[in-house]
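Sequential numbering from 1 applies to the sequence shown in the working numbering.
FYI, nobody ran anything at the bench for these hints, they're computed from the structure.
Don't take each hint at face value.
Here are the computed distance ranges between Cβ atoms for each label pair [stated by the list, open to error]:
#1 I119 x D21: 14 to 24 Å
#2 E133 x A65: 38 to 48 Å
#3 L213 x E80: 29 to 39 Å
#4 K25 x E126: 19 to 29 Å
Backbone N, C-alpha and C define an ideal beta-carbon position, used for all residues, glycine too.
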Amino acid sequence: MTRYEYCVEFSNLSKSYFDGDKEIKIVDNVSAGFRDSKITLLLGRSGSGKSTLLNLISGVDIPSAGSVVINNSTLNNLSENNRTLFRRKHIGIIFQSFHLIPSLTVLENVLFPLELNNIDSSSNNEAATELLEKVGLIEKADVFPDTLSGGEKQRAAIARAIVHDPKIILADEPTGNLDNITRDHIVRILFDLVKDKNKTLIMATHSEDLIVLSDGAYFIENHKLKSLK
């Protein structure tokens, strides 16, 4: 498989912090390629580096060494402002804690990425409404997030993450705060949306039972990345 078949690729990637003179390694010299339009899982214990790796892939953080390449663009060669613009255009992020804006309705939350990208179109409402229908939340379009259940908040977050049609979706333990029944429902919605819309999903999770449903899986331990599938 050539590098151009990868949507996301990183080489000799390291990230560490210093506590005084002590170096604390989070990710140490890891390399991998995640395939285009596939579902890839990142597994590992809490604190193993899953979130750090997602932050490096998204350009929210920059590596101490190595490089992250997305669609042939090396993120750590971009300025902070250009990384932000790149992320807004090409990447959708789903957080475990939802990060919905409490003063906006569900529909307004879903529309928010389009406003950030200065996308002013008469079709915006139609696109957002269609996604709310897909995630089964259209009846909650005009309510505020504090009236939603955990599963409903995550469905709203999924719709918001893909409304601007990003190629890549990064999900940081999106079902970590949900019960098993709701978790299964959210996973099914997310995986179906990714496949229907031909997206690339990279998801951090503790759920090893999802490996069989994925196209690839990695385990992070002792700052290293091990391929499971």
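Do the hints match the structure? See the list:
Taking the beta carbon of each, I119 and D21 are about 48 Å apart, not inside 14 to 24 Å as hinted. In this structure the supplied range 38 to 48 Å holds for E133 paired with A65, their Cβ-Cβ distance being about 45 Å. At about 36 Å, the beta-carbon gap between L213 and E80 stays in the expected band of 29 to 39 Å. Separated by about 48 Å at the C-beta atoms, K25 and E126 break the suggested range of 19 to 29 Å.
Checked against the numbered hints given earlier, the structure breaks hints 1 and 4 and satisfies all the rest.
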